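Visitor: This is what each chain is made of:
There are 2 protein chains.
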Amino acid sequence: MKIGVLGGGQLGRMLALAGYPLGLRFRFFDTAADAPAGHLAELGVGNYDDTEALERFAEGLDLITYEFENVPVETARFLQRLAPVYPPPQALEAARDRVVEKTFFRSLSIPTPLFYPVLTKNDLLQGLEQVGYPALLKTRTLGYDGKGQAKIATPADADKAWEELGGTPLVLEAWVTFEREVSILAVRGRSGEMVFYPLVENLHQQGILRRSLAPAPRLTQALQAQAEEYARRVLLNLEYVGVLAIEFFQVQGQLLANEMAPRVHNSGHWSIEGAETSQFENHLRAVCGLPLGSTAPREYSAMLNLIGKLPEPKDVLAVPGAHLHLYGKEPRPGRKLGHVTLRAESREELEERLEALSGIL
Amino acid sequence: MKIGVLGGGQLGRMLALAGYPLGLRFRFFDTAADAPAGHLAELGVGNYDDTEALERFAEGLDLITYEFENVPVETARFLQRLAPVYPPPQALEAARDRVVEKTFFRSLSIPTPLFYPVLTKNDLLQGLEQVGYPALLKTRTLGYDGKGQAKIATPADADKAWEELGGTPLVLEAWVTFEREVSILAVRGRSGEMVFYPLVENLHQQGILRRSLAPAPRLTQALQAQAEEYARRVLLNLEYVGVLAIEFFQVQGQLLANEMAPRVHNSGHWSIEGAETSQFENHLRAVCGLPLGSTAPREYSAMLNLIGKLPEPKDVLAVPGAHLHLYGKEPRPGRKLGHVTLRAESREELEERLEALSGIL
Numbered sequence: 001m002k003i004g005v006l007g008g009g010q011l012g013r014m015l016a017l018a019g020y021p022l023g024l025r026f027r028f029f030d031t032a033a034d035a036p037a038g039h040l041a042e043l044g045v046g047n048y049d050d051t052e053a054l055e056r057f058a059e060g061l062d063l064i065t066y067e068f069e070n071v072p073v074e075t076a077r078f079l080q081r082l083a084p085v086y087p088p089p090q091a092l093e094a095a096r097d098r099v100v101e102k103t104f105f106r107s108l109s110i111p112t113p114l115f116y117p118v119l120t121k122n123d124l125l126q127g128l129e130q131v132g133y134p135a136l137l138k139t140r141t142l143g144y145d146g147k148g149q150a151k152i153a154t155p156a157d158a159d160k161a162w163e164e165l166g167g168t169p170l171v172l173e174a175w176v177t178f179e180r181e182v183s184i185l186a187v188r189g190r191s192g193e194m195v196f197y198p199l200v201e202n203l204h205q206q207g208i209l210r211r212s213l214a215p216a217p218r219l220t221q222a223l224q225a226q227a228e229e230y231a232r233r234v235l236l237n238l239e240y241v242g243v244l245a246i247e248f249f250q251v252q253g254q255l256l257a258n259e260m261a262p263r264v265h266n267s268g269h270w271s272i273e274g275a276e277t278s279q280f281e282n283h284l285r286a287v288c289g290l291p292l293g294s295t296a297p298r299e300y301s302a303m304l305n306l307i308g309k310l311p312e313p314k315d316v317l318a319v320p321g322a323h324l325h326l327y328g329k330e331p332r333p334g335r336k337l338g339h340v341t342l343r344a345e346s347r348e349e350l351e352e353r354l355e356a357l358s359g360i361l
Numbered sequence: 001m002k003i004g005v006l007g008g009g010q011l012g013r014m015l016a017l018a019g020y021p022l023g024l025r026f027r028f029f030d031t032a033a034d035a036p037a038g039h040l041a042e043l044g045v046g047n048y049d050d051t052e053a054l055e056r057f058a059e060g061l062d063l064i065t066y067e068f069e070n071v072p073v074e075t076a077r078f079l080q081r082l083a084p085v086y087p088p089p090q091a092l093e094a095a096r097d098r099v100v101e102k103t104f105f106r107s108l109s110i111p112t113p114l115f116y117p118v119l120t121k122n123d124l125l126q127g128l129e130q131v132g133y134p135a136l137l138k139t140r141t142l143g144y145d146g147k148g149q150a151k152i153a154t155p156a157d158a159d160k161a162w163e164e165l166g167g168t169p170l171v172l173e174a175w176v177t178f179e180r181e182v183s184i185l186a187v188r189g190r191s192g193e194m195v196f197y198p199l200v201e202n203l204h205q206q207g208i209l210r211r212s213l214a215p216a217p218r219l220t221q222a223l224q225a226q227a228e229e230y231a232r233r234v235l236l237n238l239e240y241v242g243v244l245a246i247e248f249f250q251v252q253g254q255l256l257a258n259e260m261a262p263r264v265h266n267s268g269h270w271s272i273e274g275a276e277t278s279q280f281e282n283h284l285r286a287v288c289g290l291p292l293g294s295t296a297p298r299e300y301s302a303m304l305n306l307i308g309k310l311p312e313p314k315d316v317l318a319v320p321g322a323h324l325h326l327y328g329k330e331p332r333p334g335r336k337l338g339h340v341t342l343r344a345e346s347r348e349e350l351e352e353r354l355e356a357l358s359g360i361l
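As they're listed, the protein sequences go chains A and B.
Counting in the numbering used here, the first sequence runs from 1 upward without gaps.
Counting in the numbering used here, the second sequence runs from 1 upward without gaps.
Please note that a few of the clues may not be correct.
Treat identical chains as interchangeable: a pair holds within one or across any two.
With a straight-line cut-off of 35 Å between C-alpha atoms, the simulated DSBU-like cross-links for lysine-lysine are [what the hints assert, rightly or not]: (1) Lys-2 to Lys-329; (2) Lys-2 to Lys-160; (3) Lys-160 to Lys-309; (4) Lys-329 to Lys-121.
Hints listed in this document are in silico derivations from the structure and should not be mistaken for laboratory results.
None of these values were measured; they are calculated from a predicted model.
Hey, can you work out the whole structure from these sequences and the hints?
Guide: Here it is as structure tokens:
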């Protein structure tokens, strides 16, 4: 079976690494000729609106999936005429625009932070009255890793934020004082089978994920059940197939949905060593119509992103329980170049190993 | 870092899958253009005595290793002038000929079954007097998976065995009535660091490995210590770098060395899911001069080879704890096409899962 993947970044690379043992073959499509997945599979290069390049890409593929959420919906719909596309394009549509996404969550009775769509400066001022201070002004589309957003702490910040971001559709979001950020990875197969990974606790800095702990410390059954119920509503409504990630703020024991990603997700990388079946393998099992694998965690894991520059591999690998994942990308400030998963038999051991690793990173 | 690998079969494929996350790149060399490793890395095609093809292969490589033990020693020595070669060519030399190999074991005070070199029919008759009945007549070189051997149960079988195999250097080996077959995977790094996986119990049929249990049931510290001591002698004597496998017969609580392989080994495939660090990753860590990873087993594993024909992937994946590994090879009788690793939290659970899987294979 040959799978086409839109996007050839690290997520695609890890999909291929999980898929070869299942006997799958891969072809990637990316705008960059040096995309990391090209090291280990065929890579077609082109723009997402280049129908000729897309047709060449689709030739002989059994199905198409994506690892990049900013694939234009039109591209996915165009390809759907050539091969089955999973997850379904409506999932891209629901996730690509922050206003559409939050409206979608609310339509499923999934709580979200307060938000207000902003097209004009006047919308911004009205929005600030509604959501209060501090607030976050964000582009509705194409934002990632903290790009395309500005904090408005006091009325005086509004002008600067508008200057920075105005002119494109925006959304103003209430600043949430959360206890922590958590995320769930949910998987739905072509037969409708669903499985869920345990919630993980995420730490972001400057809008970029730095660290995940899996399972989330002090995870209660009630919280896990709430997250699974929300994820189930999304999966069913979108007739979803594949892995879906939803990020939540945890506030007074309740979950507020922040955003979702219709793909494998950085906060699920721990599952390669830390779960019985990785998110990458389960995504492939789902889109290929195979039975889903167990999401049970294997003891305790921490995932740390390597951002901007790389440590010496030998230093990382000398830490007990450390597993190194490099993406084959050129170092650049703010760029995700790899990650390390630490595994341990107990929380205490994990803390010790985290401390040892922190000295290196 | 770019690694060259002689041989492009499933072992090479699994080396590459383990090496990409370490940031390594790969180029394989094989006599077959459809070698399985070619699906996911560069593949040079040529004969092992084609020095021009070998020179092209070696260009720009940081080091060279092998996944195929019948690489001619001359090939390895030729390549050594172009890039470092690990494990060292003398390991190929020690392992390629059954008489040299057993003599080498005995020189290190590692017990082996009785054996007798056979060049002529007369040697065979003298040998049978020495080692008794039943005995095994084998080619000294190039044997694998039960090929190139004949059992001599009674004097009457000697003629037939000679007709079948005579004309090439042979060895007559005593038939060992063993309690079981076990093997150890040992790893030595470039710095001299050594680690050892727990002994596994192997079941062969028609000379082909069918199943490994890891760790070996009822494994005592004394038996593990004995195997490690023998492996240590071999590693040190050969100034070995990389993974080495030694197969033993267990007879009355003692180990008799049967053969060794200077490479990653089928009886170590369980380590992908069943150990903290897989044999493939540890081989690469060793040859790259990186710290070796923990060989600690993660609960209980069984590895089953898929030989000759493949089951339906969906049936295999529906068994809890089953991990499928397909090699991308065309089915053919007696050919290793893939393997399944079963993991479980207890021996009892493993037995149940083995039973469920047996119904499918």
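Visitor: Could you run down the list of hints and mark each one as holding or not?
Guide: Hints, verified against the model:
no.	hint	result
1	Lys-2 to Lys-329	both (25 Å within a copy, 15 Å between copies)
2	Lys-2 to Lys-160	neither (49 Å within a copy, 49 Å between copies)
3	Lys-160 to Lys-309	within (31 Å within a copy, 67 Å between copies)
4	Lys-329 to Lys-121	neither (40 Å within a copy, 63 Å between copies)
Figure legend: structure checked against the earlier numbered hints; hints not met, in rising order: 2 and 4.
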